[in-house]
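*Asks:* Residue numbers (the UniProt record's numbering), protein chains in the order written: chain A, 1 to 405; chain B, 1 to 405; chain C, 1 to 405; chain D, 1 to 405.
None of these hints come from the bench; they were simulated from the model. Be aware that one or more of the hints could be misleading.
Which copy? The list can't say, so a pair holds if one copy fits it or any two copies do.
[As the list claims (entries may be wrong)] With a straight-line cut-off of 20 Å between C-alpha atoms, the simulated SDA-like cross-links for lysine to any residue are:
no., residue 1, residue 2
1, Lys254, Ser184
2, Lys3, Gln14
3, Lys3, Leu129
4, Lys254, Pro84
Protein chains: 4
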Amino acid sequence: MHKLAKAFSTIRDQTSRLMQPLSAEDCCVQSMPDASPAKWHLAHTTWFFETFILERFEPSFQPFHPAFRVLFNSYYEGVGEQHPRAQRGLMTRPALDEVLAYRQNVDQRLLALLGQTLAPEQAEQLSVLVELGLQHEQQHQELMLTDIKHLLAMNPLLPPYLASHAVVEAGAATAAAAALSWQSYEAGIVEVGHAGQGFFFDNETPRHRQFVESFSMASRLVSNGEYLAFVEDGGYRNPLLWLAAGWEWVQQQKLTRPLYWQSAHAQFDSAWREFTLQGLQPLALHEAATHLSFFEAEAYARWAGARLPTEAEWEYAAASQSADYFGVAWQWTTSSYAPYPGYVALPGAVGEYNGKFMVNQYVLRGSSSATPAGHARLSYRNFFPATARWQFSGIRLARSAERTP
Amino acid sequence: MHKLAKAFSTIRDQTSRLMQPLSAEDCCVQSMPDASPAKWHLAHTTWFFETFILERFEPSFQPFHPAFRVLFNSYYEGVGEQHPRAQRGLMTRPALDEVLAYRQNVDQRLLALLGQTLAPEQAEQLSVLVELGLQHEQQHQELMLTDIKHLLAMNPLLPPYLASHAVVEAGAATAAAAALSWQSYEAGIVEVGHAGQGFFFDNETPRHRQFVESFSMASRLVSNGEYLAFVEDGGYRNPLLWLAAGWEWVQQQKLTRPLYWQSAHAQFDSAWREFTLQGLQPLALHEAATHLSFFEAEAYARWAGARLPTEAEWEYAAASQSADYFGVAWQWTTSSYAPYPGYVALPGAVGEYNGKFMVNQYVLRGSSSATPAGHARLSYRNFFPATARWQFSGIRLARSAERTP
Amino acid sequence: MHKLAKAFSTIRDQTSRLMQPLSAEDCCVQSMPDASPAKWHLAHTTWFFETFILERFEPSFQPFHPAFRVLFNSYYEGVGEQHPRAQRGLMTRPALDEVLAYRQNVDQRLLALLGQTLAPEQAEQLSVLVELGLQHEQQHQELMLTDIKHLLAMNPLLPPYLASHAVVEAGAATAAAAALSWQSYEAGIVEVGHAGQGFFFDNETPRHRQFVESFSMASRLVSNGEYLAFVEDGGYRNPLLWLAAGWEWVQQQKLTRPLYWQSAHAQFDSAWREFTLQGLQPLALHEAATHLSFFEAEAYARWAGARLPTEAEWEYAAASQSADYFGVAWQWTTSSYAPYPGYVALPGAVGEYNGKFMVNQYVLRGSSSATPAGHARLSYRNFFPATARWQFSGIRLARSAERTP
Amino acid sequence: MHKLAKAFSTIRDQTSRLMQPLSAEDCCVQSMPDASPAKWHLAHTTWFFETFILERFEPSFQPFHPAFRVLFNSYYEGVGEQHPRAQRGLMTRPALDEVLAYRQNVDQRLLALLGQTLAPEQAEQLSVLVELGLQHEQQHQELMLTDIKHLLAMNPLLPPYLASHAVVEAGAATAAAAALSWQSYEAGIVEVGHAGQGFFFDNETPRHRQFVESFSMASRLVSNGEYLAFVEDGGYRNPLLWLAAGWEWVQQQKLTRPLYWQSAHAQFDSAWREFTLQGLQPLALHEAATHLSFFEAEAYARWAGARLPTEAEWEYAAASQSADYFGVAWQWTTSSYAPYPGYVALPGAVGEYNGKFMVNQYVLRGSSSATPAGHARLSYRNFFPATARWQFSGIRLARSAERTP
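Chain A with its partners taken away, still in its complex shape (with noise of 0.2 Å):
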């Protein structure tokens, strides 16, 4: 318990550090329904701890309040009613302060408890959920930081979250200057999930069997300078390279390019600028294209003759490359999220922490810049509807081998 203790408060204190340079309007506001105020993930990641896990372990369990109750539940209707998600914004109380208090007051108690001495298999069903809370605690620093760079970019003074590039972001450039290439993979079974001893979510289990036909994948994720191509070549423009339901909402939006590009004709100079986390900066052509939807990221591979990849190919590849598959940019897979054969959710409440939002929604792969360190791993799956931009999420080109020459 000592070694979970100590990765709890650095995991706890990492989210604290996040959180450093914005003010308490900053952390209160939210820039849309699909984004939550930091302070809302700040608060919402001690409910998970005291409602799963204090509530259940602590013999004369109190909540530090009772409204936090509803108010700081995300979607868990086995622990009852939730705060409407479109108002997470409105609460200006509790204060920034007063959630500052609640998440001290959960840590201690947390770590008390951690410092207890339990029946084995308390102690087993406590470590387990301590560490499940601590992955979905890093799960929330990366929404913090994808949530926050779009309530930033509403922003027309576009203010930058941190002055210098050190943090989040680095890293992204890929070696641009080396060309393309492509690895082939034979056609037979993989195996699917996860596997080992590590922590994991439900939904990367059982590990299963995948008959996976021969296909080549991408030595690289796709670059800013390759996907300004297609911007210029009039990929925007064109309904033949879209997904039907993708070119409608194209149209609709009125999308042009990359959410957080800054078209050329505009403010500044003839450069292309994008938004980041230090503010705007000149579009890095050699870097990783990120904030990407699947709708674009499918348009641009048929632009490129090629195609998304499947998650079993994803996870083919990756196992053996090291290259960008982790650390640069979620990557989009043409795979539905879809309950793997046999998958069971865990029982009670935090059953539905994954499972059922198995529907209308697409599979990444690998991890981003923002993606806390440690959090990654080869059978993770991250899941976004097509539409969603705000996500560092880029693409990684894939072929079957009959159309690779």
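Chain A is already provided as a structure; the job is to place chains B, C and D on it using the hints.
*Replies:* Relative to the frame of chain A, chains B, C and D by itself:
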């Protein structure tokens, strides 16, 4: 100018006093598109002085911040672009402190300007615009209260704005013990619109003649207790009591009671409650009913066998009355907001202040418990759409002569 | 009663004549929620006679079809439920032939009733209701034309309703050669509302006094040529010409011209066209502009340095004029549709005919080329929302005295 | 070609037979954007032959009507503009008779073409396209029935399409007396996709290998009686049974039962009813439940302790089974509609037929009582969004091996 400078300081300080119970978070968030964040009110009223006065009168005018011209322009097309109204709450930057610094800077420059010796014509123009800016500031003082009340009411914690009943909503109690009586008025030509020396908005002019048929007016506003009888008589379930558009709105919004009332069947006990600036309170049956829309006021009047007054009737009656015509609740009239015969808007961009809203809005007369001292007058025309409920708006009944026994 | 029976037959026949150029398909479809299918008009006007007259006066009344009570009830809450307005076009059954049989059946029964000898009081009541039903029928005759015109205009084939110009939209030509002149009116008390013996709707009463300040009125309606000058002067691109709500509407709907105009840059050649009941025609520059909304009319008036008249001004001026006050295009007034002082709706469900619509609508006066002969009168109050464009609605300008040189 | 000409006549005649119970009004109206008017189906299937065959093979091709190219283009961007889908029901012209004349004209020209002697390559291409057009026609035959059923169900009169049970929805009865049993399948590599000589759509190719873990499949479809048990057990009120997006949909739409069921508490008596093509009928408890969305099917499966099959499982099981895999109801799979590995769309505009819809849709397998004879096959992939309810779609349950005792 000395007197004007003193008024300027007094009124600007009063705005600051109103925001003192609020945190930076409270000041930043927008609860609905119709409402604005307190921080925006603080900045926009300052923008008004900067844009319409400093920019014109300061010899070497430099804006406090070039982006503010767009950010805090509410709706003046003559000034240029405007930040979208529904996105006022996304501006976590400039921070509250920066906006307060903006206020301080503009205040100093404005006072410096008022201390200068100007040519008589210039002095006159300056004086007119400063007074307009102060009246504008006072309008926003009331809006700050209605908007912050709406925000706090959206929070499940129902936090009070103030602990005590002292500052606003005082005096809302009507002489409820006194039975409602009817005062009769003879038919004849009445003069409507601003007369005399004080300040007035362009929409109160020109003073003109209207013929008013004989009518009678209620001696006091409708009380919460009386409105409760309407609610309990099924008022929100009977289509025959409502205008067709009002009934459609009641059904779509599933309305069953005034905006801030909490039904007897909800939490606590068997009594009705009302959310106030002092938090949730027992419904004060003897006080004037407020936060009613035109549709609700109109339906109540029909249920009560009466009607709403016209503007001309109200102004005629109010001139000879004291009682609660002012200082309790704005009073809906059945008059659509329209130009008086011969109306001419102010020249230039300030001409957009009033005139361009003269459609699909209904006039309210009097003033409310939240109206700043000295801001009310007989000819004042407030206006809101028929569905607006978040203002301190109530009901004074009228009757045509034929219908009074 | 004989005279009434004759009027009944004449007016009912005229409705049938209007539908003769239409197929069953044309009669069935609903082009937008505001419009109704011709078949629905045929049935609803029949329902009116059946429900408000036969059901009351026939000794052993049996409905023609029990479901019709709901299906063809437009908005009478006092009668009971209504088929949803936006779904009137889904009723492919009853077929057109069945509806025509319904008409024939009700006509025969109504005529039989009119042939009976009744007690004087009953006879009087019957006569009043039949006349109301006939006026109602005539209103729907005009709506049938505006609704079918809208439907045909939505069809890319732009099929004409009629081959020749004979039946409607004739006489729309104004004496365009004559320059527009202004007729002045002195200030004074005028009487407004119905006077005399003929039929009137409850909303035209009671006749009452209004004081009208001096004003002048345009000698004729605004022509297509004049409105074209507004269009070509950038009228639809200048926010300063519009009410704020009107400008928002123009931008949302991307409006650039009147509803049925086809721009010079489109098909054919370099001249503007207008879709009419005779199909697509060259824009008749000397005819009165029609199919304009209140917002368009109001913006045009501002551009032209004038304004729209009030109801009282219009009625005052029309009483002493002939010209094109009637029979060309309905004329928007700046008066919101509101009850006259002392207004009392008819008793019973027919009391819902007019009164409950008195909010957020603007009054139009006069009559149009599509108004049935004998249906127009000086005190008639037509009304539509400020965005309505599919009526035969045009512009007569007015000016306050001070503004006329 | 003679055989193809005969098939052509037979299938085209069958379309005409399907519309015979319908009036011109029935054929014209569109009940929702997802459905199309029967007249549009009649014209669009004709347009398909005219555009993709006559235009290519007729030496001096002249379109039947130049406007039809746009009017009846469903979604082929490669052909050009399309009439907006939601406005298909506004086309009262061309009249039904004109569309029937269009059909006759194109039929004659197509048959003439088939009677000509062509170069072998041309003959082959013609033959492929005619067969594609006929399969397309058969798809629209089923859609005509589902769309007309939806239209009639929206009519409060609930008119039947047919008097007798003869033509469609026959054979929907399952061997309900027989208890539901489970057939087990061993894990292994299965081949999925079209094999053999007959017609197939591009989305059924290439035939490829998939690894299927061991599972078991229900011996028959879920019956109305079984689904009723789910309804009466509160299935539509328990969020834990639904995917999150499904639960949101259930609440927004206020769903409590399948699309065409009428609750026991409604009209008539105490028994459940179902609207069918033969009108309102007692709910046939032993027949297969239909008109269920993916969300409803998935929730039912969870309630029943099972799951939906994947496409590969279904195709594997169906190959060795007979029973009700075909001809009763389409069966939802848990497989998102996606390209098979190596999938290549047809060249040219017909390549838009299938591929561009491969997102946010779920595959249905088998066929229904409304599927034309000869149109079903093992590898057929039907697809609809997770909310689609107006198709003849039902449920076959599956289980992973581990979960079967």
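*Asks:* For Lys254 vs Pro84, is the C-alpha pair at or below 20 Å within one copy, between two copies, both, or neither?
*Replies:* Classified as between; 18 Å across copies, 29 Å inside a copy.
*Asks:* Measure nothing new, just compare the shortest in-copy and cross-copy C-alpha distances for Lys3 and Gln14 to 20 Å and report within, between, both or neither.
*Replies:* Answer is within; shortest intra-copy Cα gap is 17 Å, inter-copy 56 Å.
*Asks:* Evaluate Lys3 and Leu129 at a C-alpha cut-off of 20 Å and name the case that applies: within, between, both or neither.
*Replies:* within (15 Å within a copy, 68 Å between copies)
*Asks:* Given identical chains, is Lys254 near Ser184, meaning Cα to Cα at most 20 Å, within a copy, between copies, both, or neither?
*Replies:* The answer is neither: 38 Å in one copy and 51 Å across copies each exceed 20 Å.
Checked against the numbered hints above, the structure breaks only hint 1 and satisfies the rest.
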